[in-house]
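Generate the whole structure from the sequences, applying the supplied hints.
These are the residues of each chain, in order.
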Amino acid sequence: MLEKIETMQSALGKSPQLTRLGRLFSETVLLQVDAKEFYLHFEKGELANIEPGPSRKTPWRFAIRTDAEALEAFWAPRPAPGFHDIFGLVKIGRANIDGDILSLVKNLRFFKEFLALGLEGGTA
Amino acid sequence: MTIEDITGRYVNVEIEGQTQRVYFEEAGTGRPVLCLHTAGADTRQWRHLLNDTEVTSEHRLIAFDMPWHGKSLPPAGFEREEYLLTTDTYIATVLAVCEALALDRPILAGCSMGGRIALQLAARHADRFSGFIAIEASDFQAAWYDIDWFDRPDAHGGEMGAALVSANISPYAPDVERWNTLWMFMSSGPGVFRGDLSFYTKDESLVERLSSITTKQTPVHILVGAYDLTCTPEDAKRTADAIPGASLTVMDQLGHFPMSEHPEGFRPFFIDALGRMAAAA
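Taken in order, these protein sequences are the chains called A and B.
First residue of the first sequence? That's 1 in this note's numbering, and the numbers climb one at a time after it.
First residue of the second sequence? That's 1001 in this note's numbering, and the numbers climb one at a time after it.
Just so you know, not all the hints are guaranteed correct.
Claimed, not checked - If we take Cβ atoms under 10 Å as the criterion, some of the chain B residues that face chain A in the derived model are:
hint : residue
1    : 1086
2    : 1123
3    : 1145
4    : 1152
5    : 1156
6    : 1160
7    : 1163
8    : 1168
9    : 1171
10   : 1227
11   : 1232
What the hints assert, rightly or not - Lysine-lysine pairs mimicking DSSO-like chemistry, simulated, CA-CA at most 30 Å apart:
hint : chain 1 : residue 1 : chain 2 : residue 2
12   : A       : 112       : A       : 91
13   : A       : 112       : B       : 1216
14   : B       : 1237      : A       : 91
15   : A       : 36        : A       : 91
16   : A       : 112       : A       : 4
17   : A       : 44        : A       : 112
18   : A       : 91        : B       : 1202
19   : A       : 44        : A       : 4
20   : A       : 44        : A       : 14
Said to hold, decoys possible - Computed far set for chain A versus chain B, every beta-carbon distance over 12 Å:
hint : residue
21   : 6
22   : 14
23   : 16
24   : 27
25   : 51
26   : 69
27   : 77
28   : 84
29   : 85
30   : 98
31   : 99
32   : 113
Simulated from the structure, these hints should not be mistaken for lab results.
In this text the structure is predicted, and so the values were computed from the model without any measurement.
For glycine and all other residues, C-beta sits at the position ideal for the given N, C-alpha and C.
Quick look at the structure:
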């Protein structure tokens, strides 16, 4: 998973249009996949640092908790219904989002397009 | 260079005592079909069907922008008003447009909140229509979002709304049409999407009316996309089951805005639905 996130980090760095969308987003996001935690430190639309957890001392703005199988389905080219969006994963009980959800919603297009960088063959 | 067959005009109608300038588009000749857009959007959602000659060769398709939406201005004094759509105002608007355009018992085709009001009209004013195509339509379901997200002074409600509703678009939708669909949400007026959702997420009055809908003279066909997170196939099935004689089709590769997000995928379902309205012709 760390390798996947690093690939997304690199792709984000090469997408000026996407970093422009996230230019006001400087927050830490906790991505939890099964028992593994990753603290994603965003800085003005760049993913400045990926900090593997667990950590009880790293503050985060919002958290997305899911499982590897669900993420794999999410990143398929044509996901099945429910697996096609992070809120879909929540609706079908395969993810939880907690913390400052408004922060996520204010930056939702940026964050969704960042996640889409994990798509098979995705270039968003 | 192409010039489309769609023509757009304005009609001034009185709705609940207030004169409103309503924009409408139409194309085709034949049996009238009045098309209602979703929350937070406008007539452009119907652009492909209005340009579909297989549909317009036998049907006159008319779509209008609800007041506050698209090219229809909000009513005078809007600057001192909180926009909150209600069932009564929505019904009054649809009936006023029907009357102003002298539509004789049109088929009513509505999507999302337009589908919801189509079913309300099926229950309360069936005599004014000849059939109902209710798309992504359900009796009621609670919001899975906070409607106040979409009307804030510190953020762009349209951009947030578009990013949220993208959850309802099928991965089969062509990218161009996905973004055309989202553009309407991005560019809707401040507070309009929230005001529409107030109607959509708070008014449960349809639930108890479903069993009173009679489909013998005015067929009801419900269409729902498998990728619709807002009105799920389960929501649509529950609704269809509660209406005696209603029919339902689940569209496996479509989402909440089928006519706009994936026109090629949707058109066979819409043409099939029009065929089901034949009994009342």
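Taking the numbered hints from earlier one at a time, note which ones the structure violates and give those numbers from smallest to largest.
1, 2, 13, 27, 28, 29, 32
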